[in-house]
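Protein chains: 2
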Amino acid sequence: MKSKHISQSEFESFEERKRARFINTLSGFKSANLIGTKDENGLTNLSIVSSVVHLGASPALMGLVIRPDVSPRHTLENILQTKSLTINHVNSSIFKQAHQTSGRYGKEQSEFTACHLSEEYHSDHYAPFVKESHIKIALELIREIKIEENGTHFLICAIKDVYLPLSCLSEDGSIDIESADSIAVSGLDKYHKTNKLARLSYAKPGKELLEID
Amino acid sequence: MKSKHISQSEFESFEERKRARFINTLSGFKSANLIGTKDENGLTNLSIVSSVVHLGASPALMGLVIRPDVSPRHTLENILQTKSLTINHVNSSIFKQAHQTSGRYGKEQSEFTACHLSEEYHSDHYAPFVKESHIKIALELIREIKIEENGTHFLICAIKDVYLPLSCLSEDGSIDIESADSIAVSGLDKYHKTNKLARLSYAKPGKELLEID
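Here the protein sequences come in this chain order: A and B.
Using our numbering, the letters of the first sequence map in sequence onto residues 1 to 213.
Using our numbering, the letters of the second sequence map in sequence onto residues 214 to 426.
No lab work stands behind these hints, which were simulated from the structure alone.
Bear in mind the structure is a predicted one, so any value in this text is a computation, not a measurement.
Backbone N, C-alpha and C fix where the C-beta goes; we use that ideal spot for every residue, glycine too.
Take the hints with a grain of salt, since some may be wrong.
Claimed, not checked - DEER-style ranges, computed between Cβ atoms:
1) A:K196 - B:K417: 18 to 24 Å
2) A:S170 - B:L293: 36 to 42 Å
3) B:K417 - A:S93: 20 to 26 Å
4) A:R104 - B:G255: 22 to 28 Å
5) B:D426 - A:D172: 25 to 31 Å
6) A:I142 - B:I355: 34 to 40 Å
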């Protein structure tokens, strides 16, 4: 493949949307998740994000980058107000509705209704889950870190409850998110199904890797 | 699909490795990247990470979670020492070598040599790139945030230079990372190729989404 070099001065000269498309794709494939929240008055909100990241298993933590200048503004407000949120994997049956939640809906309009997705509640968790999602996680905000460099917020959240298809969970704790139909996203707007290449054994120096499962 | 509820008290009772496998998969599909670094004495290091996240396009920033207690310890030391790193997309031809870099190699042993990947240098950037990767990014450390909740480090890095296949870059700035053979990872050890479902138009309330490209 013929390689092209794009320097900082070159991509900084790109027009704003072009630059966003370019930079947004560089990190590689991203998770596609719907963040469910509800404000103190009971108004629900749903927002697609591709910035959920694993932080650690013990304690069980996830991180989440929120850009308050775009659509998840109400999401951020609700999380700061109630400390409650859900993360719901996007699957191939709902990716268009999920993408539609990125439209700039008013505070009074729930994206659940506007984008034809259904609220669901479990275990006294305040924030709503997405019924059509197959893997759903209840979380509680632990701490907000402001990223002064660009006005984004990094949220550290604790995992409280997990709901997933019984058939996707292995004895050893691993989850087959591909068979749960979870999908990946690249850039601002591309959605991808996956095909497993392999599951590999734990790496040790001087030891050959095995394909497992 | 029959759903299963796993509560916090249940997953906290899982044996350590089982719990790591379970929690690590919950965020969804992740990027698969190799982080190239070099210490002040010229010793190179290479480490696979699945925690690179897009932070913003203007300024062009990426975030990266590093767990110093496991294999990328030398990566963290080198980045703090030199401020220089590269991010290199893992593709389907090198995912086994990439996974092997997660073995606990000694400081004096370069994972480039041990895992049969090749160093490459561009544009006076101090850290090495991975020759076999198709999408490679030069970055500079801006700031380290300590995540006290679990002893991890969140690194905010500025994008300096990008190298990618000419054929993957569209006029509108978007990059086709699927045709560059970049792959996704789930959990600790599963690697996946992707198949594009669709690229969707910019979402606006009341406007129907179109498939573009």
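Each hint tested on the structure:
no.	hint	verdict
1	A:K196 - B:K417: 18 to 24 Å	violated, 36 Å
2	A:S170 - B:L293: 36 to 42 Å	holds, 37 Å
3	B:K417 - A:S93: 20 to 26 Å	holds, 22 Å
4	A:R104 - B:G255: 22 to 28 Å	violated, 51 Å
5	B:D426 - A:D172: 25 to 31 Å	violated, 39 Å
6	A:I142 - B:I355: 34 to 40 Å	violated, 24 Å
Figure legend: structure checked against the earlier numbered hints; hints not met, in rising order: 1, 4, 5, 6.
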